[in-house]
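Visitor: Using the sequences and the accompanying hints, generate a full structural model.
The listed protein sequences correspond, in order, to chains R and S. Numbering of the first sequence is given in the working numbering, commencing with residue 2 and proceeding in unit increments. Numbering of the second sequence is given in the working numbering, commencing with residue 12 and proceeding in unit increments.
Because the hints were derived from the structure by calculation, they are not lab data. Don't take each hint at face value.
To be verified - Here chain R is said to cover these stretches of chain S; the calculated rule only asks that three of the stretch's residues, wherever they fall, bring their Cβ under 8 angstroms from a Cβ of chain R:
1. 44-58
2. 63-69
3. 108-117
4. 343-357
What the hints assert, rightly or not - Derived DEER-like restraints, expressed as beta-carbon distance ranges:
5. D86/S to N162/R: 42 to 52 angstroms
6. M354/S to G219/R: 20 to 30 angstroms
7. E286/S to N34/R: 39 to 49 angstroms
8. G53/S to N162/R: 33 to 43 angstroms
9. R30/R to D83/S: 36 to 46 angstroms
10. S136/R to M167/S: 51 to 61 angstroms
11. E286/S to A50/R: 41 to 51 angstroms
12. A48/R to G53/S: 39 to 49 angstroms
13. G132/R to Y51/S: 57 to 67 angstroms
14. A209/R to Y51/S: 19 to 29 angstroms
15. D86/S to N34/R: 25 to 35 angstroms
Because the structure is a prediction, the values reported are computed rather than measured. Don't be surprised by glycine CBs; every beta carbon is placed ideally from N, CA and C.
So you can see what is in the structure, the chains are spelled out below.
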Amino acid sequence: MLLAIDTATRFMSVALYDGRRLWFEATWRTANNHTIELTPTIRQALAQAQITPSELTGVGVSQGPGSFTGLRIGLGVAKGLATAQNIPLIPIQTLAIVAAAVPVFDAHLVAVLQAGRRRLCAQQFTQENTGWLPSAPAEITTWAKLLDSARAGTAFAGEINDEGYELLAASEKQLHAVSGAQTLRRAGLLAELAWERMQAGDISDIAAVTPIYLHQPGVPHP
Amino acid sequence: MTLILGIETSCDETAAAVVEDGERIRSNVIASQVDLHAQYGGVFPEVASRAHIEVISTVTEQALTEAGVTLDVIDAVAVTRGPGLSGSLLVGVNFAKGLALGRDLPLIGVNHLEGHVYSLWLTERGGPVQFPVVCLIVSGGHSEIVLITGHGDYTMLGSTIDDAAGEAFDKVARLLGLPYPGGPSIERAARDGDPAAYDFPRAMRGEGYQFSFSGLKTAVLRAVQPPHKGKRQPKQESMHSTQLRPDVNVADVAASFQAAVVDVLVEKTIRAAQEHNTTEIWIAGGVSANQALRQQMTALSPLPVCVPPLSLCGDNAAMIASAGYFRFVRGYRDDLDMDVRPMWPLMSIHDTMTRPAAPGTA
Numbered sequence: 002m003l004l005a006i007d008t009a010t011r012f013m014s015v016a017l018y019d020g021r022r023l024w025f026e027a028t029w030r031t032a033n034n035h036t037i038e039l040t041p042t043i044r045q046a047l048a049q050a051q052i053t054p055s056e057l058t059g060v061g062v063s064q065g066p067g068s069f070t071g072l073r074i075g076l077g078v079a080k081g082l083a084t085a086q087n088i089p090l091i092p093i094q095t096l097a098i099v100a101a102a103v104p105v106f107d108a109h110l111v112a113v114l115q116a117g118r119r120r121l122c123a124q125q126f127t128q129e130n131t132g133w134l135p136s137a138p139a140e141i142t143t144w145a146k147l148l149d150s151a152r153a154g155t156a157f158a159g160e161i162n163d164e165g166y167e168l169l170a171a172s173e174k175q176l177h178a179v180s181g182a183q184t185l186r187r188a189g190l191l192a193e194l195a196w197e198r199m200q201a202g203d204i205s206d207i208a209a210v211t212p213i214y215l216h217q218p219g220v221p222h223p
Numbered sequence: 012m013t014l015i016l017g018i019e020t021s022c023d024e025t026a027a028a029v030v031e032d033g034e035r036i037r038s039n040v041i042a043s044q045v046d047l048h049a050q051y052g053g054v055f056p057e058v059a060s061r062a063h064i065e066v067i068s069t070v071t072e073q074a075l076t077e078a079g080v081t082l083d084v085i086d087a088v089a090v091t092r093g094p095g096l097s098g099s100l101l102v103g104v105n106f107a108k109g110l111a112l113g114r115d116l117p118l119i120g121v122n123h124l125e126g127h128v129y130s131l132w133l134t135e136r137g138g139p140v141q142f143p144v145v146c147l148i149v150s151g152g153h154s155e156i157v158l159i160t161g162h163g164d165y166t167m168l169g170s171t172i173d174d175a176a177g178e179a180f181d182k183v184a185r186l187l188g189l190p191y192p193g194g195p196s197i198e199r200a201a202r203d204g205d206p207a208a209y210d211f212p213r214a215m216r217g218e219g220y221q222f223s224f225s226g227l228k229t230a231v232l233r234a235v236q237p238p239h240k241g242k243r244q245p246k247q248e249s250m251h252s253t254q255l256r257p258d259v260n261v262a263d264v265a266a267s268f269q270a271a272v273v274d275v276l277v278e279k280t281i282r283a284a285q286e287h288n289t290t291e292i293w294i295a296g297g298v299s300a301n302q303a304l305r306q307q308m309t310a311l312s313p314l315p316v317c318v319p320p321l322s323l324c325g326d327n328a329a330m331i332a333s334a335g336y337f338r339f340v341r342g343y344r345d346d347l348d349m350d351v352r353p354m355w356p357l358m359s360i361h362d363t364m365t366r367p368a369a370p371g372t373a
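Guide: Here you go:
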């Protein structure tokens, strides 16, 4: 049984997955109460699924990009749980979880997160057989820059704010937003990605897993 | 035998320790970040948080290994909940929650200042502690005089109204071009200096138990930096400048500054002890490593003075495990929804136990 934890942004999510079925999943928007809400929700998930922590075989965690503090909260709990049960910790990039929610179609996809101060964290994906593959690294940008460089017909997924919806609607490049339900960053999808990595033996040392930050302290913001 | 795993990440040390029955250290592992912060002349909070999440699991594993135990025999996890840097506290608290949840262990949030008090319980002594005692807690973030009337029973007698004593050491070290951390740097420089060379102010002397070190820092600045002519240029005279007057003797300034800090700390602590009829004076926290402070307190105090060994002066997790033990045996538990408390005053255990533990939380 794999436990998946995502606290990369204000939207947080917890799931339990056995390789085939989701036993529990909760996704909600927190008023920045990640530390208060995360572990009680995991306890509830285990109780609901009637599972003890010793039955866990792995922990998947959203690695970033995202809120620095949010990432460390999820990773802190994940490292604690993985250390407690001596089980693998599998980090998954946040925007890959967003892309995993979107049905595959023949166009480009841009997954976004809110990065604060009207900036976005964005990554471009292209269709590859049955899934989305990143075609560029994640970067910090703005809606204006993102839409300026977007190719016609590109779909946008993830945390699209009101400004984003308005600019997408006003664009003449046939850009569109993926529907809300298909763009929710769910720990169930994180669990599937992590399970795949775990089965492939792609396991990191607990201590070696660190968040992906996209910004270095002391460096001015772009 | 009760074994508590302590975790401490309130500032710039990532620490984990195993303590037996509150008084016997089985392991005490500290990963210091001092080299990371030296280039900034102080603790850079985001840098501290990043370093904590990188080493927290390794430090904890090492503490268990060095204690010769596994999580199977640990009775509870105690973790610093505050006061401290929010981003740093979050790493330790969330890691501790993961451990507690993963092993169904009781979780105990500990006040960092209470931890410093309990560094004295880990210090060898002749006989049992007789309450009340007065404890001076002095570090980079705190300058407190606390009256202790029993395990977990505290009365805050005084604290700083501006800079902490250790903070003043760091800032004056920066003014004098001495390396971070300032405490050891100033102490080293002061060895060859004349403590009477400069008459720096002893703020709020004789009144109550409050401290103020901000004016002292400015007095040092005025004494060492060149006088400005006309309009002051930005950064010409400031805490960021290390430009010194040519006639400044760094050793004399360091010794005189240190003497001013020590005079006030010692005078107020001894007066607090006498006015409250305590049996002993304790000193804890990073600045308790300062030899001038230890010597002067011991020389002037009519009461026995207890200080922790140097290894327990700075932030460590053994003191958190010890404080956690005394809470654990009194039935104190925290729930998994425990949040960090970056501004948490030292409170007696009776005040923090007002909320009963939720059912099913050990």
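Visitor: Each of the hints needs a verdict: does it hold here or not?
Guide: Hints and how they fare:
| no. | hint | in the structure |
| --- | --- | --- |
| 1 | 44-58 | holds (count 4) |
| 2 | 63-69 | holds (count 7) |
| 3 | 108-117 | holds (count 8) |
| 4 | 343-357 | holds (count 6) |
| 5 | D86/S to N162/R: 42 to 52 angstroms | holds, 48 angstroms |
| 6 | M354/S to G219/R: 20 to 30 angstroms | holds, 25 angstroms |
| 7 | E286/S to N34/R: 39 to 49 angstroms | holds, 44 angstroms |
| 8 | G53/S to N162/R: 33 to 43 angstroms | holds, 36 angstroms |
| 9 | R30/R to D83/S: 36 to 46 angstroms | holds, 39 angstroms |
| 10 | S136/R to M167/S: 51 to 61 angstroms | holds, 59 angstroms |
| 11 | E286/S to A50/R: 41 to 51 angstroms | violated, 60 angstroms |
| 12 | A48/R to G53/S: 39 to 49 angstroms | holds, 45 angstroms |
| 13 | G132/R to Y51/S: 57 to 67 angstroms | violated, 43 angstroms |
| 14 | A209/R to Y51/S: 19 to 29 angstroms | holds, 26 angstroms |
| 15 | D86/S to N34/R: 25 to 35 angstroms | holds, 29 angstroms |
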